[in-house]
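K.L.:
What follows is each chain in one-letter form.
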Amino acid sequence: MADEIVDVLIIGAGASGAAAAWSLADTGMHIMCMEQGGWTRQSEYATNFRNWEVRRGKQLQSSPNIRGLKTDYPINDKESPISIVNFNGVGGSTVLFSAHFPRFHPSDFRVKTLDGVADDWPIDYFQLEPYYQENDRIIGVSGLDGDPAYPDKKLPLPPIPISKMGNVIGRGFNKLGWHWWPSDAAIISQAYEGREGCINLGPCNSGCSQGAKSSADVSYWPLALRKGVELKTNCRVREITINDQGMATGVIYYDDEGNEREQKAEVVIVACNGVGTPRLLLNSRSSQFPDGLANRSGLVGKNLMLHPWNVMDGFFDEGLESHLGPQGSCVLSQQFYETDPTRDFDRGYGIQVTRGSPPIATAINGYARGDIPWGRGHHEAFRKHFGTNISVSICIEDLPELHNSVTLDSDLTDGNGIPAPRINYRISENSQKMLAHARIKSRELLEAAGAWKIHDHGQIQYAGWHLLGTARMGTDPNNSVVNEWGRSHDVKNLFIVDGSLFVTSAAGNPTTTIQALALYVADAIKKNLTNLFD
Amino acid sequence: MTDDKIIQTDHPLSEDQKSVLDALLNLIIPSSGDGRMPGAAEMDFLGYLVGDESGFLPKLVQVLNAIVDAADSSHGKSFTEINESDQLDLVNSLRSSKGELFNRLTNQVMACYYQDDRVMRGLGLEPRPPFPKGNQVDEGDLSLLEPVRQRGEIWRKV
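In the order they appear, the protein sequences are chains A and S. Mapping of the first sequence onto my numbering: position 199 corresponds to residue 199, and the numbering continues sequentially without gaps. Quick note: to get my numbering, add 1000 to the position in the second sequence (first position is 1).
You can trust all of the hints, since none of them are fake.
Taking lysine to any residue pairs in the SDA-like style, the calculated list, with each CA pair at most 25 Å apart, reads: (1) A:K227 to A:V6; (2) A:K112 to S:E1153; (3) S:K1157 to A:T339; (4) A:K453 to S:T1106; (5) A:K154 to S:E1153; (6) A:K70 to A:N234; (7) S:K1133 to A:E321; (8) S:K1157 to A:G146; (9) A:K153 to S:D1141; (10) A:K153 to S:Q1150; (11) A:K175 to S:S1143; (12) S:K1157 to A:E134; (13) S:K1018 to S:Q1062; (14) A:K264 to A:V6; (15) A:K441 to S:P1147.
Counterexamples of contact, computed for chain A against chain S with all Cβ distances above 10 Å: (16) E129; (17) E239; (18) S286; (19) S287; (20) Q288; (21) F289; (22) S428; (23) K433; (24) H455; (25) A524.
Which stretches of chain S does chain A cover? Using the computed rule of at least three CB atoms under 8 Å from a CB of chain A, they are: (26) 1023-1031; (27) 1104-1114; (28) 1124-1134; (29) 1138-1149.
Treat the hints as calculated values from the structure; they're not laboratory data. Remember, it's a predicted structure, so these values are computed and weren't measured experimentally. Every residue gets a Cβ at the ideal spot worked out from N, C-alpha and C, and that includes glycine.
Full structure from sequences and hints, please.
P.N.:
Quick look at the structure:
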């Protein structure tokens, strides 16, 4: 039985769905959001408990295949050196993200013009800038104004402490004459808008017990609900339905008891991330769209970008207390961000300096590396490795390639029998060259900072957080899935607001750009309400 | 000795197995000698496994049985009756042939040990969850950014 028709139905309550819902609530329309997961509770996060390090390894695992909750769907990523990680619930993957929050650069929107690779975006940095600012305000972004790697921007809150380790790595950067700056973070460094500030619990990527990390469930959602948005949790959408005129009419979904239901809507907005969105569109087949909804370009699910990630640890003589503080946010460098014709690769990478490991991780990882032995040397070796390490992560710009894709798996399904996504992904030759360059530079940095030992973890498998490019925006319907304001070229009342929209991936964590884009698309909908379907 | 000798009670090991386990734990992490850091045998390792990692118990029994069998065949004695140096040689020999099993055991021992209250205090840490008290960290010295400011804008104009 169909429920009451709503004006706007948003599928997915993560970073982008929350931002779009909050913005569209201004219209007074009946906005409904459906989310396949539920709410997480701060009181259940690992850092509430004495055995928090053991709990964080089990509870809210970042891989849906390992986590295996009822609210998760499996992902066949056997044909990818990077495994997909995410979270399904109110707030989406921001519940488990590290809150590193760099913006894109103006050049990121013009890579074809500047460097002759991939494609330009149909919008530019300065069109998006007001939405970045709006997002900064809602999130309560902490950071230091005046970063010379960006056009001017004013952040609402002062930076997260860089701490002793920031001093050490900063001196290393200075010795080399490289750019560095305190990271912009989606963490409130002091009390803000009714939330208490960060108290340096440590593992932001296990959920924030303090609520200082601005995951979408604690930042956007309380505001959106107050504005009247209806949020239905534990509802998994199977497909988007259309009528004879090729317009979306709503969705078919499963409620928490597994009952098949229908929800009618005037406008449908998809916000399921770069894997979930193409999965849903490809599963929404009909005689009008035999290859999947909104897929006349054939590009739904293509051009998947994942940001290959390298991590290198340096160990220092002095006690840095590096096991304390927000794990993913300390300082960043964009020294190698742009194309340099003297190098053997196009585009560049960002350097994200993150904090050290807590006691159990120090011991287990140190043992695995052969640094912390059994026996009489154990305590001395542990002492030398605990609180003394600085981690250098590399996020390289992954350029779009058609063969990197999300399709539907022919065998694997979720708990409701919906086909699971299948990932086919290869790290390109350009990316491999970039990773090789980044490894050399990471080592150079740690040596300049005075590390007595360096360990290269290499390219990380469980690093597929950034799911981008699989329904990209553009002005040409033959070469893009949605137009320059997020509306499907093929289905005039269907919009996409998540990372699927990205034309290129830039070289940094994408969430602030995802949310700015969602606000931009929502604003375009509001401005075009009278002729939205023309 | 075979796996079926595990005793499925609140105390899942026999007294002999428990003695071998204590000796093994002290080989993995002995006390520091200065009184600051306890040895791993002083932890309630079995309690930790029963409470949090019961799936590992059969693997633990495999390890202990392999040690008992090896001590018997190479020394004709119980593992606890041979000296520490020979114990270490024996266990290292087993580690080379059963590496994954011993690595998993080591990880469990580390996880148990490095959340114990005495160990936390020995490291100078408070034995408590991070929330709600939180942690103090040094602000850091933002004046170190002066050379970066002086070099001026580096963003690429479009």
